[in-house]
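Protein sequence lines, in the order shown, are assigned to chains A and B.
Counting from 221, one number per residue, gives the positions in the first sequence under the numbering used here.
Counting from 355, one number per residue, gives the positions in the second sequence under the numbering used here.
Hint data in this document are derived by calculation from the structure and do not stem from the laboratory.
All values reported here derive from a predicted model rather than from experimental measurement.
Beta carbons are placed, not taken as given, at the ideal position from N, Cα and C, and that holds for glycine.
Do not take every clue at face value.
Now the stretches of chain B that chain A is said to cover, found in silico as 3 or more residues with beta-carbon under 8 Å [to be verified]:
| hint | segment |
| --- | --- |
| 1 | 397-407 |
| 2 | 423-431 |
| 3 | 434-448 |
| 4 | 492-502 |
Take a look, some chain B residues computed to stay more than 10 Å from chain A by CB distance [as the list claims (entries may be wrong)]:
| hint | residue |
| --- | --- |
| 5 | Ser390 |
| 6 | Phe484 |
| 7 | Arg525 |
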Amino acid sequence: MNAKAAKSLLGAWILALAFLLPAPLRAQVAGTALTGMVRDASGKAVPHAKISVKNVATEQTVEAQADSAGLYIVPNLMPGDYEVSVAAEGSSANATKVTITAGAKQTMNLVVGVGLSLSDLGFSPGQTQGSAEEQARLDKRSHMLKLHQRFGLIAAVPLIATVVASFGAGGKSTSSANRDLHVALGSVAGDLYGISAYYAIRAPKIQGTETRGPIKLHKILAWIHGPGMIMTPILGAMAFNQKSSGEKVHGIASAHGAVGIVTAAAYGLAILSVSVKF
Amino acid sequence: MIQKILIACLLAGAPALAQTDSQWALDQSTLTYHVSHPLHQTEGVSHAARGKGVCHAGQCDFLIAVPVKSFDSGDSNRDLHMLQVTRGAEFPMVTVRTHLPETAGSSATIHADLEVQFAGQTAKYKQVAFEQGTQGGVTRITGTIPATLSDFKIDPPSLLSMPVKNEIPIRVEMTWRKQK
Chain A
221 MNAKAAKSLL
231 GAWILALAFL
241 LPAPLRAQVA
251 GTALTGMVRD
261 ASGKAVPHAK
271 ISVKNVATEQ
281 TVEAQADSAG
291 LYIVPNLMPG
301 DYEVSVAAEG
311 SSANATKVTI
321 TAGAKQTMNL
331 VVGVGLSLSD
341 LGFSPGQTQG
351 SAEEQARLDK
361 RSHMLKLHQR
371 FGLIAAVPLI
381 ATVVASFGAG
391 GKSTSSANRD
401 LHVALGSVAG
411 DLYGISAYYA
421 IRAPKIQGTE
431 TRGPIKLHKI
441 LAWIHGPGMI
451 MTPILGAMAF
461 NQKSSGEKVH
471 GIASAHGAVG
481 IVTAAAYGLA
491 ILSVSVKF
Chain B
355 MIQKILIACL
365 LAGAPALAQT
375 DSQWALDQST
385 LTYHVSHPLH
395 QTEGVSHAAR
405 GKGVCHAGQC
415 DFLIAVPVKS
425 FDSGDSNRDL
435 HMLQVTRGAE
445 FPMVTVRTHL
455 PETAGSSATI
465 HADLEVQFAG
475 QTAKYKQVAF
485 EQGTQGGVTR
495 ITGTIPATLS
505 DFKIDPPSLL
515 SMPVKNEIPI
525 RVEMTWRKQK
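Kindly generate the complete structure, drawing on both the sequences and the hints.
Next comes the structure, spelled out in C-alpha cells:
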C-alpha cells in the first residue's frame with residue numbers, strides 16, 4: 221500500500237468512526253460543565269437542592285439536582301451568560317449570574333436561604349396553619365350574602381313601584397284597580413324581601429368578628445325596614461278592607477302610608493350604605 | 355523564620371477575613387393594599403407584619419410575613435369578604451422572601467426580586483424598587499409591590515355585579531433594625 225492510499229484509508233476510518241460515535245457522546249464534549257456545592261447560610265451542605273440554569277440569550281433552561289452530599293453538576297453548557305437559581309425545600313430560591321467560558325469544567329458554589337421560617341418570626345403554628353373548615357364557612361357565608369344582595373336589589377324594583385302605585389291607591393282615590401296593583405306589587409316586593417332576608421339571617425356567622433364600618437349602619441337599618449316590612453302589609457290589609465267596604469281609612473290602618481314610606485326609605489338607605497362611600 | 359511569621363500572621367488574620375454574620379429585625383410596618391371599584395376606592399391596612407433578615411458572606415435573606423386577616427379596611431363585612439376571596443382561612447399568611455447583597459444597604463434605592471406567597475400561590479416580582487433611608491440606627495424602607503389578583507388566581511370580588519380592578523398595589527412602609 222502506498223502512502224497516498226494509506227492516508228485515504230485512514231481518512232475514511234476517521235470519517236466512519238465519527239458517524240459511528242453515539243450522538244450523546246459527541247454532544248458531551250461540546251460544552252462546559254458547571255459544578256459546585258450547594259450550602260445553606262451557615263455553610264452546611266444542602267442535599268437534593270434543585271438547580272436551574274437559564275441561558276440569558278436563548279432563554280433555554282437546563283435543570284439539575286444536587287446529590288445527597290450537596291454536589292451538583294450541569295453538563296454541556298455553551299459559553300455565554302447564564303442565570304443560575306437554586307432552591308431547596310423550606311428555603312427561598314436564590315438566583316445568581318455566571319458567565320460560562322470555554323473549557324471542561326467551571327466551579328460555582330451556591331447558597332440557599334435555608335433557616336428563615338415563619339416560626340423564626342414568632343408566629344405560632346396555630347396562626348400559620350390554615351383551616352379548610354373555616355374557609356368552607358367563609359365560602360358559604362359569601363355565597364349566601366351574594367344571594368342576599370341579589371334578591372335585595374331585585375326587591376328594590378317592585379318596592380319602588382309599590383310606593384309609586386300607592387299614590388293612586390290611597391287618599392281620596394276610589395279606584396279598586398289601583399289598589400289591586402298596589403297590593404300585587406307590594407306582595408312581590410315582600411316576597412323578594414323575605415328571600416333576601418332569609419339569606420342574610422342564615423349566612424354563617426364568623427366567630428371573633430366585631431361589626432364595624434358601613435355594614436354596622438346597614439344592620440341598624442335592617443331593624444327599621446325589617447319590622448316595617450312586616451307591619452306595612454298588615455296595616456295595608458286593614459286599610460284595604462276599610463277602603464273596599466267604603467269606609468274612610470281610620471285607626472291604626474291610617475299609619476300604613478307613613479310606615480311604608482319609612483320602611484322604603486330605610487331600605488333604600490341600607491342599599492346605599494354598602495354601595496356608595498359617603 | 356520569615357516563612358513561619360508569615361504563616362502565623364495569615365492564621366491570625368483568617369477569622370478577621372471571614373465576613374461577620376448579621377441579622378435584621380423588622381421594627382414597625384404598615385402594609386396597605388388598594389382596591390379600585392367603580393363605586394369605591396378601598397384601602398386595607400395591616401401593622402401586624404413580622405420580618406427577619408439573615409446575612410452571611412455578603413448575602414442576605416429576608417422573610418416578611420403578615421396574617422391575611424390582620425388587614426383592616428374599616429368595614430368588617432368587606433374584610434371577611436376579602437378573607438374569603440383570598441382564601442385567607444385556608445392560607446392565613448402572606449409571605450415575602452427576598453435575597454439581597456449586603457451592599458444593597460448602602461444605596462438609596464433597592465431593587466429587589468420578591469417571591470410572594472399568598473392565597474396558596476407564589477408570584478415573583480422582579481426588580482421592585484424600594485426607597486431607603488437610615489437614621490438613628492434604623493432603616494426605613496418604602497415602596498409599592500405591583501400585585502394583581504390574577505397573579506394569585508383570585509377571582510375579582512364584585513359589588514352590585516361590578517368586579518374590582520385586577521390591580522391591587524401594596525404599599526410597603528417598614529422600619530428595620532440591624533442586629534449583630
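Verification of the supplied hints:
With a cut-off of 8 Å between beta carbons, the segment 397-407 of chain B has 3 residues touching chain A; three or more are needed, and the interface restraint holds. Only residues whose beta carbon comes within less than 8 Å of a beta carbon in chain A count, and the segment 423-431 of chain B has 5; three or more means the coverage holds. With 12 residues carrying a beta carbon less than 8 Å from a beta carbon of chain A, the segment 434-448 of chain B meets the three-residue requirement, and the given coverage holds. As drawn, the segment 492-502 of chain B meets chain A at 0 residues by the rule of a beta-carbon pair under 8 Å; below three, the given contact is violated.
For Ser390(B), the requirement that its beta carbon stay farther than 10 Å from each beta carbon of chain A is met, with the minimum near 12 Å. With 10 Å as the threshold on Cβ separation, the claim that Phe484(B) sits away from chain A holds: the shortest Cβ distance comes to roughly 17 Å. With 10 Å as the threshold on Cβ separation, the claim that Arg525(B) sits away from chain A holds: the shortest Cβ distance comes to roughly 19 Å.
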